[in-house]
Amino acid sequence: MSKSRIANALVNQAQWLLILFLLLAAIAAYGLQFFKIDASADTLLVKNNRLYIQTQMMNKRFAPQEFILVAVEPKNAPLFSQQTFSLLQAMAEEINELPRVDSVTHMLNVPLLSQIDSLQGEIDPDDWTWEAKQYDPKTMQDIFSDHPLFTDLLVNKAQSATAIQIVFKHNQALQALYHQITDIQAQALEGALSDKQEADIQELKAQAEPIEAELTKQRKQEIEALYKIIASYDDQADLYLGGSYVLGQQLIDIIESDLVTFGSAIGLAICVLLLLFFKSIRWVMLPVICCGFSVLYTMGLFGFLDLRTTVISANFVALQLILTLAIVIHLIVEFRQCANQSNEEDIKPLLVATLQRKLAPCFYAGLTTSVGFGSLIFSGIQPVVTFGWMMIIATIISIVTSLVLFPAILTLFSHKDMRSDGGLSRGFISLTRKISMNAPNTVVLTTVVITVFSVVGLLRLDVENSFLDYFADSTNVHKELTFIDSQFGGSTPMDVVVTLPDEFQKQDVTLSAKSIQTLQKIQYVLSQYEATGNITSIVNFTELAKQINQGQPLTEYELTVIYTLLDKSLRDKLLGSYFSPEHNQLRISSRIQDSTEGLDRQQFMDTLSADMKQMGLPEENVTITNLFVLYQDILQRLFTSQIMTLGIVYIALFVVLLFIFKQLSIATIALLPNILTTLVVLGVMGWLNIPLDLMTITIAAIAMGIAIDDTIHFVHRYLESNDAIVTGARQRQSTALDNTFSSVGYALFYTTSVITLGFSLLSFSDFVPSILFGLLTGFAMVFALIVDTTLLPVLLERFVGRKALKSQAHDV
Amino acid sequence: MLNIIWRSQCRFLFSLCLVLLITGCASQPDMQISPQQQSDLSDPLVVESSHGTAVIEPTVVGYEDTAYDDPLEFINRPIFTFNDYLYRYALIPIGKGYNWVMPDAAKDNVSNFFNNLGEPLSALNHALQGEGKKTGKNVGRFLINSTVGLLGFFDPAKHWFDIEEEDTNLDKTLRHYDVGYGAFLVLPVLGQSDVRNLFSTVAESPLAPIRHVTDEPQTTYYLSWEAIHSFSGRAELYEKLRNESDDPYAFFRNLYMQDLLRDKQYPTSPASINKLRKEKKDDANE
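So the sequence lines, in the order shown, correspond to chains A and B.
Going by our numbering, the first residue of the first sequence is number 1, and it counts up by one from there.
Going by our numbering, the first residue of the second sequence is number 1, and it counts up by one from there.
Calculated from the structure, these hints are not laboratory results.
We put the beta carbon where it would ideally sit given N, CA and C, even for glycine.
Each hint can be trusted.
Derived pair list, reagent style DSSO-like, types lysine-lysine, alpha-carbon separation capped at 27 Å:
1) LYS107(B) - LYS568(A)
2) LYS158(B) - LYS138(A)
3) LYS60(A) - LYS217(A)
4) LYS546(A) - LYS137(B)
5) LYS169(A) - LYS228(A)
6) LYS133(A) - LYS158(B)
Which residues of chain B face chain A? A few of them, derived with a C-beta cut under 10 Å, are:
7) VAL47
8) THR59
9) PHE252
10) MET257
Work the whole structure out from these sequences, hints included.
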């Protein structure tokens, strides 16, 4: 089918297409309910990731319970005083009422074993609590000074605040499902899983899903309830809520509220800007309708396909808005120019003309954008691959929707719009035109300087993911989480699991001295790192025992006696999460302090791994697991894949550009501004010390996707005009460049202004990744606009235009 | 202080034994002790890491079996087997019955009572060890608890006057003067012991205050009561430990011997604890 036949069909069958698209919208709206956002850590992982499976296995084995911390910093009384004790008791009682709470641990109800004068007979830890013994404040203060277990956990080092640990019950059903999944996945460590096993995992996951959803809802309510409870004690103490579940909930909350607040603010801003530029309601309505429908179709389709939005792909909506707006604005500008140049009163022929001219570049832009995002598929990282697919789908939907709905809706209007373009845009266009025509050398030179600058910045680029830093410094959430993080032993969990080699075992001894000493060494090394917060293992208990034993170390046999002394349930309660006798494994549980100044997480991991090799254990016997390791691993993979992905993008785009423009020189020229844009965005991040994190890692792909659009439209129009001149269809005095500037130039300017200004509102967000996304995307757009209207025309004139003129002269 | 209890119980049991069974027990000449091989499992830990080299004190120590030999195993083992039967079929049921009859609070009072009776001996031994301050404490505690503490059933010295209990015995005095432990012994009824301990128990026995304030047969009753009281506390534990062990003889021997070696290597004294604490603080300050 030729361009004109498609254009005619689109315009003439407008009403049918409109009805079809409304129907599709209804179906998509139905699919919307299946659309899911999945923020859990496992969405970030490669299928059957070794570290993830190991973490799951350890979680199954040691079953650590989920908990939330409430830090209490009394205002009017010392920490160790009757007044504070009463406050704690009252709060704990109220918290205990929450349905899912398993236990509430605080300094008044923990067994203060150091008060036991000897380790003998039956020890009932409940006899040794403040609640049982009513120790006076001074004694309590002594007990909690440098306590091997509780310092950093229940009382901070400065003894200015205490923590209430709220432990939640396991969901038995969910736990059982997870265990089944883990059991199957564990086999992936040995070899590939069979299809049946994969299917079983899917089946189990499907069963777990509704329970998870319910649990998430419950957690949300619990956190709200907790905030309500602590609010009522506001007058007596400063209270802080923390722990990884609170952090997760806060993340979701802030993303949701951002979506509502900023989503509507950006929408409104875009409308106002469109109105300002085009001075007509219809040019506001049309883009908005196209954007709305595109997003609706996409989300509906994702719902049906069960493609889940993760942290990485969360901004697909914003990107789709950008893509759709760009296409519609190009169409509007083209249409208005056609209308201005023609005497035609009827809308339909004008629309056909517009579409004829714009179908090809829109298709090409869509193709290149898809290729840009499609290259993400080769990153090998599941969430990034999914993001790639999502963006390909979104791009195709945006193009089809815009090209269909634009004419379909416009045919409903009777008259054409005759207004011309405003002063501001005209000023910008004439400026860039002048620059590119009169100072080509300056443009090229500046480009070279910027490139060098960017590459240097790029080398400074770092990856660092601090969840605390996701929240702006000024926010309450940041303050609260930082307090808990720095005063109560850190945020992100990291475990070291030691599998005891056979030669460490000793007959009749539960844990040999060699085992404990090895663990003690590892724990000591861990504690030497500035970034490690609380560290707990069996060693802390032996340290406590040593303290009770008047500073004498226990013998391995005494330890066995004490272990035998504890009854089974108490053993599980105290030691179950640190020692698994049947697997001969010991676990050191620690949390990394996210707020540590200048923490280089990768370096931390590298040094730690190196240190672990010196502990006198075979390498495979020490496993470092849990969230910290998982996040670090995924981030590192993303970073390394970034380079490869970018390489693939450049190559793939070059091939596509070659296919579109059929000339090596043009393809190269068209590629350059895009490479430059990605480099500059990453370079600026490097110079500003903005690390790549889970949220900003896709920024290069985004910059590329945005920049390529501008380039395609510009080059396409330039070549078209150039051809027209060469073939003599146009007057020589208006050059190809003039033509391009006065049509596509405006569209580029409008698109960039609308989106940049709209998204710049995100800088008012409290969520740092949103701010960065808004500003960096805006920056990428502005930079792409500048490059596409200065460097691109210079290169085109130099290498394409003149050649054409020459060949024309030759022809004459 | 697990070890102290363990051994002091032996002492009490032995007193009973003396009265009931044995009429005399001459101390044997010190046997040749194999030179104590210090295995690295009891030494301070040297940690090498990216943060440099550090030396930390272990929280749990161990000794190789070769660090203590057991030349009398051929005789110890049969005695151990005999004891085992005795414990399981006689003493443990008695101990359990005693536990069932005695209220917990009363048990504490009884412990206080017997502990108080041990104070004069501790005072004497502390004096022999040159620990004047501790001797004073023992004397003070004995005076206060015997009077204000109603014959020692209560411990006002600790609760009102903050004088902590500090017990010791001849065995420790001998250890203080670097007398070796001789060899590992299993004594009939009493269980794990060693030559030095045996000697000190025998030597101290006539000095037990109870002998000087009561006459037979009351003395025997008191000593029997003391023995049952102390054994009752560990009756169940003994059962548990022996049942979970593949070689109970070796287990109880190693438990005893490792305690002994550890006490020698890491003596408890407030001085050493303070030193430890100070080091810890210094570490923290660094």
